[in-house]
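Participant: Positions 1 to 202 (the UniProt record's numbering) are the ones given, in order, by the first sequence.
Some hints here could point you the wrong way.
Said to hold, decoys possible - Straight-line alpha carbon distances no greater than 20 angstroms define the calculated DMTMM-like cross-link-like pairs of lysine to aspartate or glutamate that follow: (1) K154 <-> E124; (2) K28 <-> D73; (3) K37 <-> E14; (4) K17 <-> D53; (5) K28 <-> D53; (6) K37 <-> E47; (7) K154 <-> E101; (8) K105 <-> E153; (9) K37 <-> D53; (10) K105 <-> D69; (11) K105 <-> E47; (12) K37 <-> D73; (13) K28 <-> E39; (14) K28 <-> E101; (15) K37 <-> D74; (16) K105 <-> D66; (17) K25 <-> D74; (18) K154 <-> D74; (19) K25 <-> D66; (20) K25 <-> E67; (21) K154 <-> D73; (22) K17 <-> D108; (23) K17 <-> E124; (24) K17 <-> D74; (25) K17 <-> E40; (26) K117 <-> E14.
To be verified - Per label pair, the in silico range of CB-to-CB distance: (27) Y128 <-> K71: 33 to 43 angstroms; (28) S49 <-> K136: 32 to 42 angstroms; (29) V70 <-> E47: 22 to 32 angstroms; (30) K105 <-> L18: 20 to 30 angstroms; (31) D73 <-> P133: 48 to 58 angstroms.
Hints in this document: simulated from the structure, not taken from any laboratory. Glycine included, C-beta positions come from ideal geometry on N, C-alpha and C.
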Amino acid sequence: MEQEQAIGAKRVWESVKLYTVKCAKCSKWRLIPTKEKYEEIRERIVERSFLCDTARAWRPNVSCNDESDVKQDDSFLWAMDRPRIPQTPPGWQRILRIRAEGGTKFADVYYVTPSNKRLRSMVELSRYINEHPHLKGVNISQFSFQPPVPLDEKYIAKRARSTTHDTSSTPAAGAYHALQTQNDSSGVPESATTEAKAPAQS
DNA sequence: GCCACCGGTGGC
DNA sequence: GCCACCGGTGGC
1 MEQEQAIGAK RVWESVKLYT VKCAKCSKWR LIPTKEKYEE IRERIVERSF LCDTARAWRP
61 NVSCNDESDV KQDDSFLWAM DRPRIPQTPP GWQRILRIRA EGGTKFADVY YVTPSNKRLR
121 SMVELSRYIN EHPHLKGVNI SQFSFQPPVP LDEKYIAKRA RSTTHDTSST PAAGAYHALQ
181 TQNDSSGVPE SATTEAKAPA QS
């Protein structure tokens with residue numbers, strides 16, 4: 001019944017403000033116009049590198065000669081998605097919620113079903129699918145609860161990591177693309193955010 | 001040690 | 001009373 005644009009109607013909202021992907025050639029950021037497009041690129045980013053040319057699909061004249069669409073400064077909280085996250089099935093929504101700074105986790109991923117039910121884990125997802133025969137065609141391999149990684153590792157409270165050895169010097173090493181989230185809450189963190197800037201070599 | 005999962009609860 | 005958010009922890 002009240003399926004009415006349900007999704008996106010009220011409570012369901014996304015922490016992500018802008019979707020951006022880095023050009024594999026010139027390393028400039030290109031804004032991705034829609035979440036759907038972003039998810040499509042993200043799924044195949046390993047097989048198909050993103051280039052400024054790719055953005056011509058929605059920006060006919062853009063090229064590596066144009067400056068970056070967005071500066072990677074501290075006006076946003078940056079996070080890198082992992083590659084190979086499947087596109088969200090039609091009728092569903094994949095929602096990312098960034099947690100408060102200084103907590104034990106960075107973000108939560110959840111899926112909203114076509115009938116507006118919020119699911120928090122693979123367990124809940126498969127149970128829900130089993131209990132709803134009309135969703136039998138839905139394969140759980142189309143879902144991933146893997147959250148992105150913050151570029152600023154200090155955003156999360158330090159664990160018993162100690163010694164901070166170089167082991168994790170490059171956060172999200174394999175990930176090619178990133179998303180931005182709004183960094184409201186605090187005033188000007190400023191401190192070290194800019195240092196976390198993309199090591200993005202090789 | 002990490003993280004997927006879920007219970008508790010504070011704020012609405 | 002509900003639910004968004006967070007922390008604890010069991011299983012790997």
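Participant: With reference to the structure, classify each hint as holding or not holding.
Facilitator: Checked hints:
For a cut-off of 20 angstroms, the pair hint linking K154 to E124 is broken: about 31 angstroms separates their Cα positions. Annotation: proposed proximity of K28 to D73 holds, straight-line Cα distance about 13 angstroms (limit 20 angstroms). Using a Cα cut-off of 20 angstroms, the hinted pair K37 and E14 holds, with the two alpha carbons roughly 16 angstroms apart. As the CA atoms of K17 and D53 are separated by approximately 23 angstroms, the hinted pair breaks the 20 angstroms bound.
Proposed proximity of K28 and D53 is supported: the alpha carbons are some 12 angstroms apart, at most 20 angstroms. Pair hint K37 plus E47 holds up; C-alpha atoms about 16 angstroms apart against a cutoff of 20 angstroms. For the proposed pair K154 and E101, the alpha carbon gap of about 9 angstroms is at most 20 angstroms, so the pair holds. For the hint pairing K105 with E153, the CA-to-CA distance comes to about 11 angstroms; that is within 20 angstroms, so the pair holds.
Straight-line distance between C-alpha atoms of K37 and D53 comes to about 15 angstroms, which keeps the hinted pair within the 20 angstroms bound. For the given pair, K105 sits about 29 angstroms from D69 by alpha-carbon distance, which is inconsistent with the 20 angstroms threshold. A threshold of 20 angstroms between alpha carbons decides the hint, and for K105 with E47 the separation of about 30 angstroms lies outside it, so the pair is violated. For the suggested pair K37 and D73, the alpha carbons sit about 24 angstroms apart, so the restraint of at most 20 angstroms is broken.
About 19 angstroms separates the Cα atoms of K28 and E39, which keeps this hinted pair within 20 angstroms; it holds. Distance hint between K28 and E101 is unfulfilled; the C-alpha atoms sit about 27 angstroms from each other, more than 20 angstroms. For the suggested pair K37 and D74, the alpha carbons sit about 25 angstroms apart, so the restraint of at most 20 angstroms is broken. Taking the CA atoms of K105 and D66, the gap is about 36 angstroms. The hint is violated against a cut of 20 angstroms.
For the proposed pair K25 and D74, the alpha carbon gap of about 24 angstroms is over 20 angstroms, so the pair is violated. This hinted pair checks out: K154 and D74 have alpha carbons roughly 13 angstroms apart, not beyond 20 angstroms. Restraint check for K25 and D66: the C-alpha separation of about 13 angstroms stays at or below 20 angstroms, so the hint holds. For the hint pairing K25 with E67, the CA-to-CA distance comes to about 13 angstroms; that is within 20 angstroms, so the pair holds.
Restraint check for K154 and D73: the C-alpha separation of about 15 angstroms stays at or below 20 angstroms, so the hint holds. Straight-line distance between C-alpha atoms of K17 and D108 comes to about 16 angstroms, which keeps the hinted pair within the 20 angstroms bound. Between K17 and E124 the alpha-carbon distance is near 27 angstroms, which puts this suggested pair outside the 20 angstroms criterion. Restraint check for K17 and D74: the C-alpha separation of about 14 angstroms stays at or below 20 angstroms, so the hint holds.
Between the alpha carbons of K17 and E40 the distance comes to roughly 18 angstroms, so the proposed pair stays at or under 20 angstroms and holds. The straight-line distance between the Cα atoms of K117 and E14 is roughly 16 angstroms, inside the 20 angstroms bound, and the hint therefore holds. Range check, Y128 to K71: Cβ separation about 41 angstroms, and the 33 to 43 angstroms hint holds. Here the CB-CB span from S49 to K136 is close to 36 angstroms, well matched to the stated 32 to 42 angstroms.
In this structure the hint that V70 and E47 lie 22 to 32 angstroms apart at CB holds, the actual value being about 25 angstroms. Distance hint for K105 and L18: a CB-CB separation of about 22 angstroms, consistent with the stated range 20 to 30 angstroms. The supplied range of 48 to 58 angstroms is met by D73 and P133, whose beta-carbon atoms lie about 50 angstroms from each other.
In terms of the numbered hints stated before, the structure departs from hints 1, 4, 10, 11, 12, 14, 15, 16, 17, 23, listed from lowest to highest.
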